[in-house]
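Got chain A sorted already, so can you dock chains B and C onto it with the hints?
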Amino acid sequence: MKARTESPTIKELKFILTRIKKSPLSIIGIVVIAFFAAVALLCPILAPVPEGQEDPYVLTHFGWTSEPQPPSPEHLFGTAQWQYDIFYGCIWGTRTAFRIGIIVVAGNLIIGLIVGTLAGYYSGVIDELLMRLTDIIWAFPGLLLAMAFVSVMGPSLDSIVLALILVGWPSYARVIRSEILRVKQEDYVEAAKAIGCSDLRVITRHILINSIYPIIIMASLDTGAIVLSAAALSFLGLGPPTGYADWGQMISLSRGFIYKNAQDPLGYWFTWTYPGIFIFTFVLGWNLLGDAFRDILDPTLRRR
Amino acid sequence: MGMRAYIIRRILLLIPTIIGVTLLIFAVVQVLSPEQRAALYVTSEQQADDIEVIIEKYHLRDPVYIQYFIWITHVLQGNLGFNQKSPKGPVLANILNRAPATIELTIIAAPVIILLGIFLGVSSAVHRDRLVDHVTRIISIIGWSFPSFWLGILLLAVFYAGLGWVGPGRLSVDTDVFVRSADFTRYTGLYTIDGLLNGQLWVTVDALKHLILPVVSLTVQSIALIVRVMRSSMLEALTKGYIVSARAKGLGQREVINKHARRNALIPVVTLAGMLSAGLLTGVVITETIFYIPGLGSYAAHMALPPPDIAGVLGFTLFTGVLFVIVNLIVDVAYAYIDPRIRLE
Amino acid sequence: MEKTIESRELLDVKDLYVNFYTYAGVVEAIDGVNLLLKQGETLGLVGETGCGKSVTSLSIIVLVPPPGVIEKGDILLQMEDRTINLLKQKDRALMKIRGEDISMVFQDPRGALNPVYTVTQQVGEALLLHRKEELCRRVLQELERDISEANTFKRFIYKCEKKIYEKMMNTRERSASLSALSKIPFVNRYQGRLRNEIRKEVVRLLKTMRIADPERVLDMYPHELSGGMAQRVVIAMALSCDPRLLLADEPTTNLDVTIQAQILLLIKELKEQMESTILYVTHDLGVVAEICDRVAVMYGGNVVEITDTFTIFKKPSHPYTQDLLEAIPRPGKEFKSIRGEVPGLINPPKGCRYHPRCSKAMPICALSKPQVTQIEKGHFVMCHLYKT
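Residue numbers (the working numbering), protein chains in the order written: chain A, 1 to 304; chain B, 305 to 649; chain C, 650 to 1037.
Hints were generated in silico from the structure; no laboratory data involved. Among the hints, a few may not be true.
If you want the footprint, here are the derived chain B segments under chain A, 3+ residues with CB under 8 Å [claimed, not checked]:
(1) 453-467
(2) 611-621
Calculated lysine-lysine pairs in the DSS-like style (CA-CA distance at most 27 Å, straight line) [unchecked claim]:
(3) C:K663 <-> C:K737
(4) C:K1018 <-> C:K964
(5) C:K816 <-> B:K544
(6) A:K11 <-> A:K22
(7) C:K832 <-> C:K663
(8) C:K964 <-> C:K985
(9) A:K11 <-> A:K21
(10) B:K563 <-> C:K832
(11) C:K1009 <-> C:K1036
(12) C:K663 <-> C:K1036
(13) C:K816 <-> C:K781
(14) C:K999 <-> C:K663
(15) C:K811 <-> C:K832
(16) C:K745 <-> C:K816
(17) C:K1026 <-> C:K687
(18) B:K563 <-> C:K781
(19) C:K745 <-> B:K563
(20) B:K563 <-> C:K816
(21) B:K544 <-> C:K745
(22) B:K563 <-> C:K849
(23) A:K260 <-> B:K563
(24) C:K739 <-> C:K781
(25) C:K832 <-> C:K781
(26) C:K856 <-> C:K832
(27) B:K361 <-> B:K392
(28) B:K563 <-> C:K687
Ideal placement from N, C-alpha and C gives every residue a C-beta, glycine not left out.
So here's chain A without its partners, still in its complex pose (with noise of 0.2 Å):
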């Protein structure tokens, strides 16, 4: 007999790493993700900011033609309308996306856990109202009453943020509570409060360790799908002032140019093939991932 001398933790990674290894779609989204991510750090390497511009994200007008130009080798994506460049915009444009999805999972995170855990561990009255205040937010569906929110606080790219976040904290409170009921109950938590813990350390310590893969999952799911929302709301033109950087809002300064004319009908290709493309591997890149989280830490489904 082996003796034991590796920590469960040791042995989690281990297995974890293994099963990653034997799913290529996982090694895809995690490949994808962290090219994303060198590519926002390296921003200003790969696309640096021009001389004396404060606000890197704001798109400069190479020239005031109105007429996109075709990839050159100055402008390597090729100029959209109004001549900002499309590689600028799309490089700095990653930037962009992490800091939507990160502050917007974060918050959801934060309000969610809350909100989650008090209605979870306290039940009775509490539980009864916050429920209430989900289900009343849950009414409408998702982007529209996100629409809503941004067009009477004026479109900016904060507001997409806050109501993706007023919009989306609901269904992480939901999942959160329904982890701590799971839990509650079970004999470690009695046994916790039996020997005199005090409420946050029960909370801490002991149900929110055991109910953190599940969140994980949906963390990871919910990425992709708030960054095609909010691009999406950038697309309809509620999102930052024109010429910022931006995935959403170079596809829709790409509307106009779908025909160019009979001789060369797809002549504006590169302003509405390039971001789009940005765009897709990103959330394609995070749903592979989520994916691949559920399968690897579904307590459920391991070990088979």
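Showing chains B and C alone in chain A's frame:
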């Protein structure tokens, strides 16, 4: 606990939920100042000058609960405010005007999503790990990640700009002129049906042609979702004991799949239906905007654009909120019909 | 009560080999099994978990789940006028045999029932598959009575219904026109008569299962039934079409002890009334003593000993059977278990599969698989200790 009791219970639950919906909208409205709120009801230039009259009329400086009461009474009478952006006029009338285009789109999209999604999901599960399965799974994960607005643009690029088969809009230019003329009566507002009712089949055909691309753009994401869920729930159902039991009775594999496995596998899919109808309502906004279809979706997008027409945005949100609550009720009832265990709750 | 056991054979399993092709390797689950069932007798199939007894019964009804494959063998079933080899039948033929000639009862009663259909719907399904003709005949009789008593208008309707049922009675396969007819909303009310007949029949079956108040149970869903009740429904479903052979795969294992006793009693009564042939799979020797006429002991995919119940307890001959009986805890006796573990069947032990755990093992046991020897009439053992 039978179906009837369950349905009655759910309908009763409807009322507080709808009240909750109105409360949320009302709360959003309260964010604005009384003058801004009065602006929702302005119908003409002179009224804009004399805003106090409107504030008086709608009690916009009164305590909150009175305001809510007044506001609700107006809503129930059909007064949702007035649009300042085109199309100008009463919000409710505009909404009802634009509804047919959206209805036409969704009536075709919904069955496509449901039937195609279920069919592909079942095939994928039944032929697990074979070509059908792999292809379907790849397509579904791609479809789920594809931004629907990008899909719409790509479709237009290929089929309109590239191949010249069909353009955006509900009808081609000539047909459009025709339906606005006196020779054509718009009975329902849905050109597919009106074409038949007027005896002008080519109008129906033209309308259908123009619906193909929008429907594809609208349905891809939802179909992808259904396929994924249906496949996994079908795979699970096929491992259950009652499958072998049914075969031991003498049922063939195909019958067992259709009669026993599928019904159980549908249960998780029905719970998705709420999410899917949300997706449909949202997708309509984007699809109508891209394809220049004058429906509720493009109305909402137009109203939300800065400077926003608050009356329009809120009117639309209220409308969809109530609609969505009703749709969820139908979904819950369908769920209880399929899964008798739910009726106990 | 005197019972004449006809010496006619019903089921003959010859040289059955079944493999499971799993990710971990090929599991040689069934390694040459031979069984003989006479009509009217109850044969117990005993063994520990993993010995292959469930797979054997699934093979008989040809429902071995993937990745299992029946490699070779013959399973001969004696029908009215001929013998057929179940392993050589086409799917269609098997569908007819299942439920009608052979049926099966499973271990988990609520798992065997589909949660979204009522008791009537599920038991009725079996009836519709195999006894449709008979049910239609009854409906037609009822229709004749109605026609004679009715007025002109109703008579017309009844005559139409009569035509439909006659068609239903005479078509064995699916008929396109009948399926179409059954979907039309108002017209398909004719099905009500058939449903009534089915309900009546299900009530009769449930009564045979000693279920009190069967009318109430008719419309219940599986989750509303208790474990014992559910198992009775499953047995009713299996016996609904009077099968020649009933395969019972540990039907009482998942039930409470008291319920277990009730179900066993029920099975005993049914045995007497219906003279059915039963293959009773179990790991519980006590159950075997209760209701089995003959017993086959399985280990590691082989039948190691087979004889009648009395002999197996009085004169167990195979070392495994002996060890098994020794291991039954008895008050006052020292607790003894069989040393070693049940072997994994991906790389089974060479030679006799029991030899690693056998206290009487000889050198030859590790080298070659023993032959089956008859040590007395009707008593067969597969062991090197007994050579002809």
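Each hint tested on the structure:
no. : hint                : verdict
1   : 453-467             : holds (count 9)
2   : 611-621             : holds (count 6)
3   : C:K663 <-> C:K737   : holds, 13 Å
4   : C:K1018 <-> C:K964  : holds, 23 Å
5   : C:K816 <-> B:K544   : violated, 36 Å
6   : A:K11 <-> A:K22     : holds, 17 Å
7   : C:K832 <-> C:K663   : violated, 47 Å
8   : C:K964 <-> C:K985   : holds, 19 Å
9   : A:K11 <-> A:K21     : holds, 15 Å
10  : B:K563 <-> C:K832   : holds, 15 Å
11  : C:K1009 <-> C:K1036 : holds, 15 Å
12  : C:K663 <-> C:K1036  : holds, 21 Å
13  : C:K816 <-> C:K781   : holds, 11 Å
14  : C:K999 <-> C:K663   : holds, 22 Å
15  : C:K811 <-> C:K832   : holds, 18 Å
16  : C:K745 <-> C:K816   : holds, 20 Å
17  : C:K1026 <-> C:K687  : holds, 15 Å
18  : B:K563 <-> C:K781   : holds, 19 Å
19  : C:K745 <-> B:K563   : holds, 18 Å
20  : B:K563 <-> C:K816   : holds, 24 Å
21  : B:K544 <-> C:K745   : holds, 23 Å
22  : B:K563 <-> C:K849   : holds, 23 Å
23  : A:K260 <-> B:K563   : violated, 53 Å
24  : C:K739 <-> C:K781   : holds, 22 Å
25  : C:K832 <-> C:K781   : holds, 19 Å
26  : C:K856 <-> C:K832   : violated, 33 Å
27  : B:K361 <-> B:K392   : holds, 21 Å
28  : B:K563 <-> C:K687   : violated, 36 Å
Comparing the model with each numbered hint stated earlier shows that hints 5, 7, 23, 26, 28 do not hold.
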